[in-house]
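What follows is each chain in one-letter form.
Number of protein chains: 2
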Amino acid sequence: MKFVCSKHELYEAISTVQKAVMPKATLPILEGIYIEADENVRLVGNCFDLGIEFSVKADVMSAGSIVLNSRIFGDIVRKLPESEVFFEVKKNYNTVIECGNSYFEIKGMSAEGFPMLPEIEEEKKVSIAQMSLKEMIKKTIYAISTDENRKILTGSLIEVQDGEFTIVSLDGFRLALAKALIKEAVEFNAVIPGKNLNEIHKIMEQKEDEVKITLSENQALFEMNGCRIISKLLSGEFMNYKYFIPEQFETEITVDTREFINSIERASLITSDDRRFPVKLMISDDKMIVTSSAEIGISKEELKVEMDGLDITIGFNPRYLLDSLKVIDDEMIRVSFSSSVGPCVIKPIEGDRFIFMVLPVRMNS
Amino acid sequence: MKFVCSKHELYEAISTVQKAVMPKATLPILEGIYIEADENVRLVGNCFDLGIEFSVKADVMSAGSIVLNSRIFGDIVRKLPESEVFFEVKKNYNTVIECGNSYFEIKGMSAEGFPMLPEIEEEKKVSIAQMSLKEMIKKTIYAISTDENRKILTGSLIEVQDGEFTIVSLDGFRLALAKALIKEAVEFNAVIPGKNLNEIHKIMEQKEDEVKITLSENQALFEMNGCRIISKLLSGEFMNYKYFIPEQFETEITVDTREFINSIERASLITSDDRRFPVKLMISDDKMIVTSSAEIGISKEELKVEMDGLDITIGFNPRYLLDSLKVIDDEMIRVSFSSSVGPCVIKPIEGDRFIFMVLPVRMNS
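In order, the protein sequence lines correspond to chains A and B. When the count follows the working numbering, it moves up by one through the first sequence with no breaks and lands on 365 for the last residue. When the count follows the working numbering, it moves up by one through the second sequence with no breaks and lands on 730 for the last residue.
Check before you lean on any hint, since a few could be wrong.
Stretch by stretch, here's where chain B covers chain A in the computed footprint (C-beta under 8 Å, at least three residues) [as the list claims (entries may be wrong)]:
no.: 1; stretch: 74-86
no.: 2; stretch: 293-302
Simulated crosslink set (DSS-like; lysine-lysine; CA at most 30 Å straight-line) [stated by the list, open to error]:
no.: 3; chain 1: A; residue 1: 287; chain 2: B; residue 2: 444
no.: 4; chain 1: B; residue 1: 560; chain 2: B; residue 2: 444
no.: 5; chain 1: B; residue 1: 372; chain 2: A; residue 2: 326
Computed beta-carbon distance windows for the label pairs [unchecked claim]:
no.: 6; chain 1: B; residue 1: 526; chain 2: A; residue 2: 78; range: 44 to 50 Å
no.: 7; chain 1: B; residue 1: 591; chain 2: A; residue 2: 286; range: 32 to 38 Å
no.: 8; chain 1: B; residue 1: 716; chain 2: A; residue 2: 331; range: 56 to 62 Å
no.: 9; chain 1: B; residue 1: 371; chain 2: A; residue 2: 163; range: 53 to 59 Å
Keep in mind that the hints were calculated from the coordinates and are not lab data. Here a beta-carbon is modelled for each residue, glycine too, at the ideal position from N, C-alpha and C.
Here chain A stands alone, though its shape is the one from the complex (with noise of 0.2 Å):
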């Protein structure tokens, strides 16, 4: 085996791949990744849970496979001039690899008993851009539970219908919802791992290029940049979320995000130490004063807002609010208070290309 590759590309692949990589395993096979040279050559890394494929532009003389250490082949590569690389497998898995003037030669692994990702039967299957796929999961990916005993919600719900694709996250004091429409005429609902869901955010990039997602029963296969990640679904029934979304509002807000983002975050700061105190939003005559209280003292701040409704005070867990607050760009936003003991819901101005909903908290006074 023996190949010629750009630094640039291999340590791109390498580095994609590595984020299927277990760091610490039983088998010194599975700390590895898998290289395999034939017109082009390939890279895959593969934790069961997760699996990446990535293709590297190669000039191949001979074709072959090895395992190699990830860390250590990851670690030289990365440290190596930005040049051609020449890679060679030797007698006994020894493998060379030199590019400029660095030689190296380290230890390598047979590729036999390495888990190979599965091929995915072609069952559904739907396309969207990637910068708006990226941005649905920056979008809802904070509302994952952490909850090991709800196992289900510790994943994204993507739910094809209609010609919509929607993802959905939720925990139990909120949730968050992202959609947009796609062209293809299937369904699916699939629940997908947070932690893959966070890798392949890392992985896809801010551009129009389209990734596929195909589905099978108990795995998904994302397509894009050459890259195949397969992640395995969480399987049992998410929740019917859309029963929790109230349509009927008692009070509606139009405020400035980064007024409220920064006003919420001054309050925090006298309860950080106490999580028994919320932050008290007071909403008349339209303004909305900010209030928190606890034993190290008080905060109080006013905010204009564009006020429909009943005058309402409710008080919140600030950093469920700021969670929400932080991964909008929209520079005004619309929030609908159901009662001051009910849900409230944050969405765009106009449409409902996201929302969120955050439950409130009891309040002593």
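Dock chain B against chain A, hints included.
Same frame as chain A, now just chain B:
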């Protein structure tokens, strides 16, 4: 007590004096910042080993003093809008901080019992440009020992003599020395604790303005930018470092600093799992071959050098070489080897504004 000042300047003062405030102390007052208003406003943080005082321009309406919890005071001011801050102490040490639309009222503490900075009797005094001292600390701080059993080596020696200002750190494996010229005809020695030098390094700016250093028996005072920093000194005799630096060399080379760093970094990837294996330098024929070898594999790289003296083969712990090389900005450096088992000395091509010394590792082969 009542004053108005700029948020920006107040936050600069807080973040500076915070470096001398204990994050966790037995007494709440020791987690506090002392604030005093008379003509101006001054803030003080003091953890006994290190004390910092910072003056802020302010419009003082009424004089007084208060102690506020450092974390909460800092967090609040950091988050205020960039505007004028109104500060007022009311009944029962309740302190109002107002800025833009934000209003905070937090519980303060009586300033009685706060450990004020000691007066330094002016014994010996020296001045040096901030950027020059900052650079000298950067060049030497990495070689400070972390071994608490040899307390004196957990600090850096400042030696002022014959119009030279010298800083020296050493830890038994390497030594770092940096020097600059001064105008004063004064002589002293003082050992400043490493962690205080680190804070002083952060506070100093990249500018020509001088820092004044005043020495008493147990303390050193650093004055710059409206800031007074008092550090305790380490007591005891520092090692006679001059004795360790060789002056006779078998081999000397001139090498490109960046290329030397890169080649050692690459070689150290092979040995990183096991410090038993040194990086080996083989110097002959105006070439330096950098090699390493461990269970995982081997590396080899050739560098062009300008060479005087005998051929030599010598091994180093790569971390010790890298720590020294990485604080050097000079494009080319002079590396001198006393023998294959004696210390190596790294210096600029001309002069001796810094001298680094590293002990080699004995090699089996």
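Hint check results:
As drawn, the stretch 74-86 of chain A meets chain B at 5 residues by the rule of a beta-carbon pair under 8 Å; at three or more, the given contact holds. Remark: the stretch 293-302 of chain A is confirmed as covered by chain B, as 8 of its residues place a Cβ nearer than 8 Å to a Cβ of that chain, reaching the required three. With a CA separation close to 21 Å, the supplied pair residue 287 of chain A and residue 444 of chain B stays within the 30 Å bound. Note on residue 560 of chain B and residue 444 of chain B: the hinted pairing holds, with a Cα-Cα distance of about 28 Å set against a maximum of 30 Å.
The hinted pair formed by residue 372 of chain B and residue 326 of chain A meets the criterion: a straight-line CA distance of about 24 Å does not exceed 30 Å. Look at residue 526 of chain B against residue 78 of chain A: about 46 Å separates their beta carbons, and that is inside 44 to 50 Å. Judged by the Cβ atoms, the range 32 to 38 Å given for residue 591 of chain B and residue 286 of chain A is violated: they are separated by roughly 44 Å. Between residue 716 of chain B and residue 331 of chain A the C-beta distance comes to about 57 Å, which sits within the given range of 56 to 62 Å.
Taken as a hint, the range 53 to 59 Å holds for the pair residue 371 of chain B and residue 163 of chain A, whose Cβ atoms sit roughly 55 Å apart.
Figure legend: structure checked against the earlier numbered hints; the only hint not met is number 7.
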